[in-house]
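J.: Residues per chain, in single letters:
Protein chains: 2
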Amino acid sequence: MNFQQQTLVQTRPPLFKVQPLQTGIDLVERQSVTWDEPLPLDSGASLAPFTLAYEAYGELNATRDNAILILHALSGDAHVAGRHHPSDRKLGWWDGLVGPGRAFDTDRYFVICSNVIGSCMGSTGPSSIDPDTGRPYGARLPVITIGDMVRAQARLLDHLGIERLHAVAGGSMGGFQALEWATAYPERVNGVIAIASSARSSPQTIAWNSIGRRAIMSDPRWRGGDYYDQETPFDGLALARMIGHVTYLSEPSLEAKCGRRMLHSADGPQFTLESEFQVESYLDYQGATFNERFDANAYLYITKAMDYWDLPGRYGSLEAAFARSQSSFLLLSFSGDWLYPPGESQAIAAALQRVNRPVSHITIQSEAGHDAFLLEHDVQGSMIEAFLDTL
Amino acid sequence: MNFQQQTLVQTRPPLFKVQPLQTGIDLVERQSVTWDEPLPLDSGASLAPFTLAYEAYGELNATRDNAILILHALSGDAHVAGRHHPSDRKLGWWDGLVGPGRAFDTDRYFVICSNVIGSCMGSTGPSSIDPDTGRPYGARLPVITIGDMVRAQARLLDHLGIERLHAVAGGSMGGFQALEWATAYPERVNGVIAIASSARSSPQTIAWNSIGRRAIMSDPRWRGGDYYDQETPFDGLALARMIGHVTYLSEPSLEAKCGRRMLHSADGPQFTLESEFQVESYLDYQGATFNERFDANAYLYITKAMDYWDLPGRYGSLEAAFARSQSSFLLLSFSGDWLYPPGESQAIAAALQRVNRPVSHITIQSEAGHDAFLLEHDVQGSMIEAFLDTL
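These protein sequence lines are chains A and B, in that order.
Residue numbers for the first sequence follow the numbering used here, beginning at 2 and rising by one.
Residue numbers for the second sequence follow the numbering used here, beginning at 2 and rising by one.
Bound-form chain A, shown alone (with noise of 0.2 Å):
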């Protein structure tokens, strides 16, 4: 396959419905690793002792090379694919992706996917305890990095005792990781891939999480980070979701959901102030479940990470901070994505071509948004699928 500058316009249907996937993954269980080396994070505070968790599928090969770490985005966790009891209705975030015989091939490669610092999914974040005063951290934990998480995910390839990776890859903030990965420890990684990504937040972008942020910072249930044995800050994480929510999907996607149509329509409108329009409602049961997953101490560190992110800005250019990578790269972004639409993966790709780095980036037509890179699997698999045989 000849990865050239291109755009690939699908026909079938948009996938806003994923189709039921069988996967390919047995049980999987959910493992973490803890430190009690500190671990210096860009603040120059430190963390000790922290946890990483991670999943992991297939076998590591005797020369150790055959290992691929997946990254994953804000809300996302390390359960990238199958199961973890029987009775799961809902697969792992990429389980169209991962597994034997699928891009990420898990009859091939070991397939690591790995947690973040900050999180609320097994891993050393705001509501983990403070070993110095016995209670949650709250919102004393050190803030984080992108380059902190990464530092993290270096001492479980560390752990793992795998040197040099096949591959990194992610989508949206797994794609920033990704990047962080190439030039960060360019040494140890082949292959990187970035979908839906870019190189440093837009002020949109930090935008709209530091208006989720005061959102949750503005409940009154939020009490300073200090709500661990107490009422959640519902209605302010609620809210952050909804902003994102809408920030992930197109305009058409939200036509094609719901459109105008409304929760009463034989009656009518109901001309009340409360939700009316499925949209409305949508967004509420968005808001809600997410409740129910996530913390809202959580979604103020890895916001806050994701608005530090600034590789030009660090490295003083993105050329320079691209000089330093020995990878080859490939960016995939989405039509439809007006969060990271591709002139930002574009601008990554110029970047590299400059500093004569192998890069293939391809935009997939899909009216998706934001969020195709967790529902596009075909076309994100064929492109996946052939990078890596190339490496």
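Hints listed in this document are in silico derivations from the structure and should not be mistaken for laboratory results.
Hints are not guaranteed to be accurate.
Claimed, not checked - Each pair of labels, with its calculated beta carbon distance range: (1) V34(A) x L264(B): 33 to 39 Å; (2) A155(B) x P221(A): 43 to 49 Å; (3) R224(B) x L61(A): 34 to 40 Å; (4) G45(A) x R90(B): 42 to 48 Å; (5) A49(A) x S282(B): 29 to 35 Å.
To be verified - Stretch by stretch, here's where chain B covers chain A in the computed footprint (C-beta under 8 Å, at least three residues): (6) 60 to 72; (7) 268 to 274.
For every residue, glycine included, the Cβ atom is placed at its ideal position computed from N, Cα and C.
Fit chain B to the given chain A structure using the hints.
T.: The following block gives chain B in isolation, referenced to the frame of chain A:
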């Protein structure tokens, strides 16, 4: 001037900073009329008494056929041009377009700018006294629609002795009202100018409005809308405004205004959860100043009126809606407006053409986002002036 479908490329710098303007208007006073006769509302309820605030510029001629009605957007008011007090540092919101020799030439036209019912800017709205209780309506004000707003404005024209308008004009929600005028009172309007507008609120617009409303209504200080003698829901209204503000700007305009600059850039990142980027403090400021001039309940009512806006839904199709009209239309849109993108105006233009109504749709190249209708005076002005001459 030949009005064709075209895109004008501006070569001057984007107008993020409006040039200091010399107003052409002497001091102006806000006026108002109150009616005892009930105003029937689309909900089936009615409103009595009700008041409408307006401002007027220029002179109504003897034949009473030189009146132009200007209508404002969500957070606007009747103060379209000039100053209320000699010490006012801020001019009316469209001062660059309204005055002697300007596009809406007050030497030739009698220009009226009407507020809307539901507002907090001098007309009957949720902060008005409910005659049944002697206390502010709060959330007990009946829900209103764009149709109700325009029905009240028709009373104002009756009061002023104006049978037929030379033109009706507005941007954003002001454009909704202009289109409502064209379809509800076709015999009263010669020309319709709808800028950065739409024939219906899209699901995405409803989503943003709905999240703003939820921010207000989940603020404990909202108190079901009865906060007028207490602290107001500052945080909720600030959040709603911040969300709205980001949707009014484009990514390039946020980049130009704030970029990724930090407040304490000399000291580098502060590694704090608090506001640190300029874009954050910029939005904080927008939220705070909006609280000084706007009522949270009015924000609920007006955004709800916007959400109900659906010309094709009400008449069966856009063509059916416009088959009623007897006006000529000028539609202006802006290339960088992602809230009401040019495609929305294009859909209106196409429907008007299908029912053989005279229409010109011009997309103006601008990076100022939706707010361009408040900023790009020069190009808009020349289009408007020429259109008014053709009527």
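J.: Against this structure, judge whether each hint is valid.
T.: Results for each hint:
1. V34(A) x L264(B): 33 to 39 Å: Because 38 Å falls inside the window, the suggested range holds.
2. A155(B) x P221(A): 43 to 49 Å: holds, 45 Å
3. R224(B) x L61(A): 34 to 40 Å: violated, 60 Å
4. G45(A) x R90(B): 42 to 48 Å: holds, 44 Å
5. A49(A) x S282(B): 29 to 35 Å: Roughly 34 Å apart at Cβ, these two residues keep to the hinted range, so it holds.
6. 60 to 72: Per the Cβ count (0), the hint is violated.
7. 268 to 274: holds (count 4)
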